[in-house]
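A.B. asks: Listed below, chain by chain, are the residues.
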Amino acid sequence: MTTQEKARAADGYPVERNLARRFDEKLRRRSVGDHREPQSLAQTREKLERFLSGRVDGSFEVQDFARLSGGGANESYSFRLVRAERSDELVLRVKAPVGICITEVEREFQLLRATHGLIPVPKPYWVSTDPDDFGEPALISGKVAGVPSPTQNVPHATGLGTAYGPELRPLLAPQFVEHLARLHAHDWSSDDLSGFDLPRPNTTDAIDWRLAIWNRAWDEDALGPHLTVLLARQWLAENRPVVDHVSLLHGDYRNGNFLFDEESGEITAILDWELGYLGDRHSDLAYAMLPGWGHPDDNGRYLNSGLVHTDTFIADYERISGLSVDRERLNYYLVLNLYWAVVSLIGTGPRTADARMTELDVMYNFISGLGGYFIGELNRILAKE
Amino acid sequence: MVPTVTQQLRSMRRRFCDTILPALPPDAEFAREQANLMLATFDWLLDTHEHEYRYQVV
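Chains as they are written, first to last, in the working numbering: chain S, 1 to 385; chain L, 1 to 58.
Rather than coming from a laboratory, the hints here were simulated on the basis of the structure. Some hints here could point you the wrong way.
Unchecked claim - Non-contacting residues of chain L with respect to chain S, defined by C-beta distances greater than 10 Å in every case (computed):
(1) Thr6
(2) Arg10
(3) Leu24
(4) His49
As the list claims (entries may be wrong) - Selected chain S positions facing chain L (Cβ under 7 Å, derived; list incomplete):
(5) Arg17
(6) Ser189
(7) Val362
(8) Met363
(9) Phe366
What the hints assert, rightly or not - Pair by pair, the computed Cβ-Cβ distance ranges are:
(10) S:Glu385 - L:Pro3: 47 to 55 Å
(11) S:Ser53 - L:Ala40: 16 to 24 Å
(12) S:Asp298 - L:Arg10: 21 to 29 Å
Glycine is no exception: its CB is placed at the ideal position from the N, C-alpha and C atoms.
The task is simple: from the sequences and hints, build the whole structure.
C.D. replies: Below, the structure written as structure tokens:
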């Protein structure tokens, strides 16, 4: 164990350095009642123009600056950056002081840079970790055309996640699997991932650090104890599998988190990279297979993320990535994903809302109901174990 | 006799739906999203709050 690892483990939570700083910052702000006050559109636009003036050569103009809906941990704005001979459609995402889980903008930016050109993602332009720029860490990326869910022939949703219907599904499903396979097979050794701690292959580093995040989040945020959380935590600690191959992971790979062109059925961008990390591919796979995201097809067979049957998902993934899928590890990461979803939905979200550290307080309280659903799923699995 | 919590929630929901939501500018995307979440929360409260005491104590 290195000195750095010893220091991190000493406080009981071996959380990655960048994320540990965000945890500390959360506690500091919460203790002094440092809330995020609402920002007017004009204030944010002014900050954006000041930020760009230090980064864009020559004259420029910000046009059509508007607040966007959606997003669980960001204030998002779209705008057009017009320069002498070019015009770019861009998105500014300003982090909430605390979202529904701890994330770090530099990591997200580096993931976008590492994957841009490999799979469809928004082009990363600039990142700011200086609170003088936007008040909070922020990221500017390209705006990608497409929709997150069908707007025409909208299928009747039978699950919690986005449904695509029989016409779009066969177009989207192979791409959904292929992009994940390419991401996990990617050799990231020459990418700038300085915002990440690098887990050693054939150890439990990656899972130890991941468990530390959710354990710390629960301990610091939960408004009350919960027996299922305690049982899940114990089971996860006792059954940690070794990570044979360290992959770049998306962390939130599922239906609803990508854009697609409705006419062609082409996936235009994989979104929401803030939970990305270096770890076991089974984590992303199990997450995309979470009960709740998908629904049965007309013959009653479950479609993971509303798109693909399990056998097809695994066979195509293995063929494209060259990486094997271990069903036992899938089960472990199913429990891990349910665990962190519960920690976020019924621990961090309601606490963040209560502490007035987000403008998404109503949503965070509302979606805690989904946490109750996941608690039920955890109970079902842990009872078998 | 004062109105019950359910009656008050129902009237708040009605006014929210019929008066406040339509008055929001169509391009106020974020505000509309938050308003719809508030509406969903009203519905959740109406569905559950009368059972909450029993759930907690039984």
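A.B. asks: Output the indices of the hints that this structure fails to meet, ascending.
C.D. replies: Hints 5, 6, 11 and 12 contradicted; others consistent.
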